[in-house]
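Chains A, B, C and D supply the protein sequences, listed in that same order. Going by the working numbering, the first sequence opens with residue 19, and the numbers climb by one from there. Going by the working numbering, the second sequence opens with residue 19, and the numbers climb by one from there. Going by the working numbering, the third sequence opens with residue 19, and the numbers climb by one from there. Going by the working numbering, the fourth sequence opens with residue 19, and the numbers climb by one from there.
A couple of the hints might just be wrong.
The list treats identical chains as one, so a pair stands whether inside a single copy or across any two.
What the hints assert, rightly or not - Heads up, simulated BS3-like pairs for lysine-lysine below, C-alpha to C-alpha not over 30 Å straight-line: (1) K191 with K401; (2) K91 with K47; (3) K91 with K191; (4) K47 with K66; (5) K401 with K412; (6) K60 with K401; (7) K401 with K109; (8) K47 with K161; (9) K22 with K285; (10) K285 with K60.
Calculated directly from the structure, the hints in this document are not laboratory data.
There are 4 protein chains.
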Amino acid sequence: MDHKVGVLFVGVCGHLSTTVMAGAIAVSKNLCPATGLISEKKPFNKIKFTPLSDFVFGGWDIRSCADSLNALKDLGLENIQEIWEIGQQIKEIQIKTFPGITLNAGMAISEISEQGHVFKTDSIKEAIEKVKEDIDHFKTENKLDKVVVINLASTEPQISELSGLSSMESISKLIDENQISTIRPSLIYAYAAITSRCVYINFTPSEGGFSGGLAALAHEYRVPVMGSDGKTGETLVKSALAPMFAMRNLEVLSWEGYNILGNMDGKILQNAENSSTKIRSKDRLLPHILGYQPHSRVSIDYVPSLGDRKTAWDFIHFQGFLNTKMTLQFTWQGCDSALASPLILDLARFGILALERGESGVMSHMASFFKSPWGIDEHSLEKQFRLLEDYCQKITDHTP
Amino acid sequence: MDHKVGVLFVGVCGHLSTTVMAGAIAVSKNLCPATGLISEKKPFNKIKFTPLSDFVFGGWDIRSCADSLNALKDLGLENIQEIWEIGQQIKEIQIKTFPGITLNAGMAISEISEQGHVFKTDSIKEAIEKVKEDIDHFKTENKLDKVVVINLASTEPQISELSGLSSMESISKLIDENQISTIRPSLIYAYAAITSRCVYINFTPSEGGFSGGLAALAHEYRVPVMGSDGKTGETLVKSALAPMFAMRNLEVLSWEGYNILGNMDGKILQNAENSSTKIRSKDRLLPHILGYQPHSRVSIDYVPSLGDRKTAWDFIHFQGFLNTKMTLQFTWQGCDSALASPLILDLARFGILALERGESGVMSHMASFFKSPWGIDEHSLEKQFRLLEDYCQKITDHTP
Amino acid sequence: MDHKVGVLFVGVCGHLSTTVMAGAIAVSKNLCPATGLISEKKPFNKIKFTPLSDFVFGGWDIRSCADSLNALKDLGLENIQEIWEIGQQIKEIQIKTFPGITLNAGMAISEISEQGHVFKTDSIKEAIEKVKEDIDHFKTENKLDKVVVINLASTEPQISELSGLSSMESISKLIDENQISTIRPSLIYAYAAITSRCVYINFTPSEGGFSGGLAALAHEYRVPVMGSDGKTGETLVKSALAPMFAMRNLEVLSWEGYNILGNMDGKILQNAENSSTKIRSKDRLLPHILGYQPHSRVSIDYVPSLGDRKTAWDFIHFQGFLNTKMTLQFTWQGCDSALASPLILDLARFGILALERGESGVMSHMASFFKSPWGIDEHSLEKQFRLLEDYCQKITDHTP
Amino acid sequence: MDHKVGVLFVGVCGHLSTTVMAGAIAVSKNLCPATGLISEKKPFNKIKFTPLSDFVFGGWDIRSCADSLNALKDLGLENIQEIWEIGQQIKEIQIKTFPGITLNAGMAISEISEQGHVFKTDSIKEAIEKVKEDIDHFKTENKLDKVVVINLASTEPQISELSGLSSMESISKLIDENQISTIRPSLIYAYAAITSRCVYINFTPSEGGFSGGLAALAHEYRVPVMGSDGKTGETLVKSALAPMFAMRNLEVLSWEGYNILGNMDGKILQNAENSSTKIRSKDRLLPHILGYQPHSRVSIDYVPSLGDRKTAWDFIHFQGFLNTKMTLQFTWQGCDSALASPLILDLARFGILALERGESGVMSHMASFFKSPWGIDEHSLEKQFRLLEDYCQKITDHTP
């Protein structure tokens, strides 16, 4: 066993996982600066995080891996030879992809799954065992003892009966009784990861990967867990802007947000049952920050020509002194995977740090990374960030 | 003497002063809610501030007062009868306006001044004495002992030799030697206000109202002073958004801001010598918040048809992970006087509070109200706001 | 009988009708210029149109009339006394409002109807007779022989079986067999108007007011008809911009349009069955102008705080030379009734002109006024406008 | 001599020329569709234009040629191997670049010129002779008899005394008297091209390339000339949108346009003397289309991080019925060279067509390609386009 650290992605063949791996390679080779990585910036860079070159990647997918060059073309790297070489390295990783789980994943996800890439089973228990075996195999093959499992898969439909996930006991019951219709694949990966003593991170809004039961399980198995739903674009801007209205006692009358995007994420979110999960996650912050619920809307539409370039238009109608109405509009044009991937590397690093420090359960100081922060009801970006700064302060104060 | 508090505006006939007075009347009569006033909101509303109905208004101007109904029409009040009545009350106040000072005010300002509304003098000392007499007269007539003087006049040209303002002694020298070419009217009002033991607030970017010398003078005379340049629109949004890029380690490549407005403020700012003062004030925050200076621009153009409805378009070009370039644009459409006027009432209230608590010199905890906060180099809106929260906490902790 | 001309609105109590009447009054009294009226502009002003002061207004509604002052407040008139007087004049007109028809109007419309304002019947024939009697009564009372009936009512749900409207015979059959479920109120008003020899104008997208059968009926009764769906905002801009892409051989990949509005129109369009009628009408022009169907979207959402101030954001993704992708975005912030009302006065004038000239059937030269121009498949604004110019040229050439 | 056609660029090493050549190569090899080329689209594709593979490229420059791969990277081609091969072909062309002329080109342009790439002379006559020799040499070497000369160089400062360019005689006088201070390089290239019987196209706003004298000269030498200033971005949109306001009798109060760009064009336009030439050209169309001059602005700012990706924000404030004020904003994000280059190939084709048809002097039917159309005062895009359609109609009617 050595200093290397494993990172296993649920959805390792996707655009996002590919970008995470490309970024880890490019930054460790100094092909580009560490822009976007918090862990490389003051004051966090005082902490000894896992070097990016020490990450060993792998994961599961329900589809074959597309040409990784495709995912890299739209990003900002300029040297064609270098892009090609990175693409080759990623290809070698993706060859070893484990088949994924589609047990009750819903129509939209099942439809994109491919023959030979799905582990077929009707048993929750069997599915969990399979994922745990994959983790063990990955550890042994790469001589690792520390592994982070990160869910980057498409958004699943909502779970009808969330109470089943509220405690360790109720989850055990779901598994024992093989209640397929009330679980989702996200629960299977999360359960397997935690009980295999991996750090577990739910970067998606899928509800199976984020519950009271899992939090308790993480305490029991002494591993840190984090989530949910990476805050990368429109919601990030909202969490920076909404406090401004509160701090000026300006009344938000309406906050209408329209998102258009063209990647696989967008394609899956075309389906109402999947998008409702996402929208619920994105629409959470306004009442928390403002103290009241203005008229608000979060819509997500699939526009194939955009590819990974997501655009959001937000229209904010507000009322000020003497009942005067005014507006603020913003247009956010981001590259989804370029925004999300440094967060994922940061989360993996903070996850390993917590594991090494013996912390377990929900890491609520990671709130600034998530649309639906697990373990705390704080949505203001700056206040969330302060939690992280305080955490870091505590660590560095006690480090000689 | 009673519980009433005097508020004297430099520029009492302008759109902004008129809106401040209209707001104070309308809110105290319950014609509209106190939206926009921080002092009426948690946690600040625990403090006993001066009731709005206890403010007695007055001031100086270099022009005759325009029809105040004109200024109120574009705001959000709906009852025509009520608007008319408020207009009448303001008219009675504005009848008593003192003539203003134009000593070395620059071409643009001198040109809008009107015969019979300017106190003619070639002596700085005489000008100061005149302002002090006006203050005394106002106090006596209204039986007041506490007065706040607030500069709301048009932006003056920059001062060539700022070192003359750096200490009490150097200012005394300027006055004694009657160095007209190195002072501006803003200095005269500030000096007169402080030495008359008034709270002084510089809501403009004019440099005469904001210096080391004035800060020392305020200590000497045991009065609180605040400034400079009210943060109401584009800069407010910038100070909420810029920290987001820092908190995500995203590199801002270019931040281009274009402001268009149509009121008197905009008309004066058409002149390069006046607008450079303003632009310097607006362009200060990015290097402080980001830690480096991106390519940036703040332009202000006069578009008469807009009236008091200011519009700003900001284009932010930034670079993220793997050198990927992205953009954020926002369009801010605000009503300038509706945004500024509650800040002015809040500042007056905090000013009187400080005076009563025996605080003197620069009130740096008021940073969130200003584009160029006096006494502290903090530009992040949330961090500035925390200073105010901490100040309030301290007060309320010691109040039974 | 004299030179006066009657104008009857379906929906006479609405925001839009109120604004039309206010505009006719204000312009004829010279309280504001005729901005927005084509008929007052070169080259059309060479034609002798009905003076605005010769219009006599009236109409039907299913609700009581709201305070007309409310509708006028947000417009650009400034003199409060004048606004009040106009409001009084409109009130006198609206007192005489005829009860409206809700026969198979759909849930959303029926729900806003008020007791005592609906003519109750289960018979199509009876409903038609009632409307015809109202027209006769209006003519007699006001000593008119020329009347224009204009549908300004809320958008109705689509009609399931449009083939029933394709000929005069099929419409007669619908009426004879009293097939309530395949008609809508719009058909009843249109049928009554045409057979009462009125000019008929369908300013809404409601399908009952716009069909082959009605066109034939208009020929039979020798009256001009026009429609459908006034082109006032987003679609107007689209019809000006889309030809640009065609003229430059740029390929539109996606054209996504998001509309938010807060008036009664928006409230009714919250209902999917009503909005689908509207969206079908708005989404018609791109394939006609471009020659192919890009990915496109027209969404309409209700945002109450906006009132009559409609906002549209359109995002156009296009591809140029060497497959290079680019974007154009626009934000349209219009006052719906101020945009639509001059069109309505122009349409009434052109309608009376055609009637006097003995023209009958569909007036396809009016295409530039409509989202779904009746009688011609031309959607480019400039090409539509040329039809009107040519029509005007023909008339003025033959006038001494 | 054969069917090949020469195309000589003033500024052959720039981003734009490189893109033109890349496009000609890529489209003739079927590596991408002919999107953006009017000449390949109905109804123009009925005309027999020069095949793109028959163009032989060359030209002048005052700088060494940068790596052409750099210019191609940001465009839409995806196959890396193909991009590389195109880059090689362009490199071979650019090796033969003739040194350029900087005689009175102004500071900004002189500063970017490089040693060994400038033909040094103090004589206008000598400079003209040099350019004519280059043309001859290019013709002989490539066995061509038809050549198009296209000015794509940076915008020059305005010419103080335009009357010197008004007739053939006055231009001859300038040359004979060697009045260096009243000519610019653009005049030298234009004069040499026309007197060498080349088609001449002024794609820039530089005033030396566009005058009454040159028009007369073109008639004398029996060659077609076209210009000025390619209409590619913001002005294109304006010329499509402005007629909408005229067609609806809506009064434009203010039209404010802000352009930001980061290429060499933008760098040169940082200089006030260069940008005034450009702005004059861009600001011409509103009074022509609207019939009055609204408040308007065209500003151009250099934002290096944008590279060739130009962004324009236009804010249009307009007044409609009942004095109601409304706004339209648009943001145009275009790739400058991808927009301009197909126009240049179209212009070359139409130029050769006119030459073959024996047409000479100013080709005013090409107005839709230019911001300052030479020979006609029409600025509405659609009306300009109709001129081209009519021209094409005339030709195809007479073709069997």
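Comparing the hints with the structure gives:
no.: 1; hint: K191 with K401; in the structure: neither (38 Å within a copy, 48 Å between copies)
no.: 2; hint: K91 with K47; in the structure: both (18 Å within a copy, 23 Å between copies)
no.: 3; hint: K91 with K191; in the structure: neither (47 Å within a copy, 57 Å between copies)
no.: 4; hint: K47 with K66; in the structure: within (19 Å within a copy, 54 Å between copies)
no.: 5; hint: K401 with K412; in the structure: both (17 Å within a copy, 20 Å between copies)
no.: 6; hint: K60 with K401; in the structure: both (17 Å within a copy, 17 Å between copies)
no.: 7; hint: K401 with K109; in the structure: neither (40 Å within a copy, 46 Å between copies)
no.: 8; hint: K47 with K161; in the structure: within (23 Å within a copy, 52 Å between copies)
no.: 9; hint: K22 with K285; in the structure: neither (36 Å within a copy, 49 Å between copies)
no.: 10; hint: K285 with K60; in the structure: neither (38 Å within a copy, 35 Å between copies)
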